[in-house]
Structure formats: structure tokens, C-alpha cells
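Participant: Sequence:
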Amino acid sequence: MKVIRYKTFSDKGKDRPALSTVNSHRGLGRSLVLGGLFGAGGGLAGKMKADDLDAKGMTDEAIVRRSSKHAAKVGGVTGAVRGAAYGALASGPVAIIPGAVAGGILSGAGAYLGAKKNAQTRIKKRKELMNK
295 MKVIRYKTFS DKGKDRPALS TVNSHRGLGR SLVLGGLFGA GGGLAGKMKA DDLDAKGMTD
355 EAIVRRSSKH AAKVGGVTGA VRGAAYGALA SGPVAIIPGA VAGGILSGAG AYLGAKKNAQ
415 TRIKKRKELM NK
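If you read the sequence shown in this note's numbering, its first letter stands for residue 295, the second for the next number, and so on.
Each hint should be verified, as a subset may be incorrect.
Heads up, simulated DSBU-like pairs for lysine-lysine below, C-alpha to C-alpha not over 30 Å straight-line [claimed, not checked]:
{"#": "1", "residue 1": "LYS421", "residue 2": "LYS363"}
{"#": "2", "residue 1": "LYS367", "residue 2": "LYS418"}
{"#": "3", "residue 1": "LYS367", "residue 2": "LYS419"}
{"#": "4", "residue 1": "LYS363", "residue 2": "LYS350"}
{"#": "5", "residue 1": "LYS419", "residue 2": "LYS350"}
{"#": "6", "residue 1": "LYS350", "residue 2": "LYS367"}
{"#": "7", "residue 1": "LYS367", "residue 2": "LYS411"}
{"#": "8", "residue 1": "LYS421", "residue 2": "LYS411"}
{"#": "9", "residue 1": "LYS426", "residue 2": "LYS411"}
{"#": "10", "residue 1": "LYS350", "residue 2": "LYS418"}
{"#": "11", "residue 1": "LYS411", "residue 2": "LYS350"}
{"#": "12", "residue 1": "LYS411", "residue 2": "LYS363"}
{"#": "13", "residue 1": "LYS363", "residue 2": "LYS419"}
{"#": "14", "residue 1": "LYS367", "residue 2": "LYS426"}
{"#": "15", "residue 1": "LYS418", "residue 2": "LYS363"}
{"#": "16", "residue 1": "LYS367", "residue 2": "LYS421"}
{"#": "17", "residue 1": "LYS421", "residue 2": "LYS350"}
Listed next, with one range per pair, are the computed distances between beta-carbon atoms [as the list claims (entries may be wrong)]:
{"#": "18", "residue 1": "LEU331", "residue 2": "GLY386", "range": "51 to 61 Å"}
{"#": "19", "residue 1": "ALA379", "residue 2": "ASP309", "range": "14 to 24 Å"}
{"#": "20", "residue 1": "LEU326", "residue 2": "MET424", "range": "25 to 35 Å"}
Because the hints were derived from the structure by calculation, they are not lab data.
No residue lacks a Cβ here, since even glycine has one placed at the ideal position from N, Cα and C.
When you get a sec, could you build the whole thing from the sequences and use the hints?
Facilitator: This is the structure in C-alpha cells:
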């Protein structure tokens, strides 16, 4: 079965300011509270992914959706590695899998929520700049 993917490009790519010029730290608290340092790292990866997608000319909805998914993947993987390492150090081989699952879920969720809020806030600020 062949899967067809449609690219969603924005038709207003030239007359809007770049998303990388809009500064916002909104969403960092969510990443830190839920995912700790590794969740915040995933949120930062999502923020950088949003900049890349905007440079490619994606729509605002696609930027929010794809950057949060990327942040969740990065935060989940790094959190799972951290959880496995802590589980192995604390309780031996028995706690590796539960530690990895718990760390991956928490860090991934924190990164997802933080990157989503950050992208939404930056897009909202950009729209306000365009309307001035």
C-alpha cells in the first residue's frame, strides 16, 4: 500500500516575518515541571524545528503540529535513556524498563506541551506584528 503525503505550504511565505525573529520563552515552565531538564531540551528541539519549518514555508498549523511531535520524540528518547540509567543505578537490572518508560513518558509529555505552547505563542506574536 502506497501512502501519499501532501505538503502543506503557506502561500504568504514572503510577506511575513520569520518565526526565528520572534522571541518567547512561554512553554519552558511546562517542559521543566513535567519533563525536567530533558523535557526542556526536547522543547528547545521543538522550537528549533519550528524555525526550520517556517523557513520552508509551512502553514502555522503544520508548524505547531510537526514541531510538537518532534519535541515529544526528542524529549521521550532522552528521558527514557535517563530513566533507564537511574533505574539501573538505583535498583539494578529490575528497574531499567520501568525507569525508562516513566522517564520517557514524562519527558516526552513535557516537551510536547512546552513546544506546542511556545510555537502557538510565537505565531500569535508574529500575527500581531503583521497587523501593526
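Participant: Take the hints in turn and mark each one as holding or not.
Facilitator: Hint check results:
no., hint, result
1, LYS421 <-> LYS363, "holds (23 Å)"
2, LYS367 <-> LYS418, "holds (25 Å)"
3, LYS367 <-> LYS419, "holds (26 Å)"
4, LYS363 <-> LYS350, "holds (17 Å)"
5, LYS419 <-> LYS350, "holds (19 Å)"
6, LYS350 <-> LYS367, "holds (21 Å)"
7, LYS367 <-> LYS411, "holds (16 Å)"
8, LYS421 <-> LYS411, "holds (15 Å)"
9, LYS426 <-> LYS411, "holds (23 Å)"
10, LYS350 <-> LYS418, "holds (19 Å)"
11, LYS411 <-> LYS350, "holds (21 Å)"
12, LYS411 <-> LYS363, "holds (13 Å)"
13, LYS363 <-> LYS419, "holds (22 Å)"
14, LYS367 <-> LYS426, "violated (36 Å)"
15, LYS418 <-> LYS363, "holds (20 Å)"
16, LYS367 <-> LYS421, "holds (28 Å)"
17, LYS421 <-> LYS350, "holds (18 Å)"
18, LEU331 <-> GLY386: 51 to 61 Å, "violated (24 Å)"
19, ALA379 <-> ASP309: 14 to 24 Å, "violated (48 Å)"
20, LEU326 <-> MET424: 25 to 35 Å, "holds (31 Å)"
When each numbered hint is compared with the structure, violations occur for hints 14, 18 and 19.
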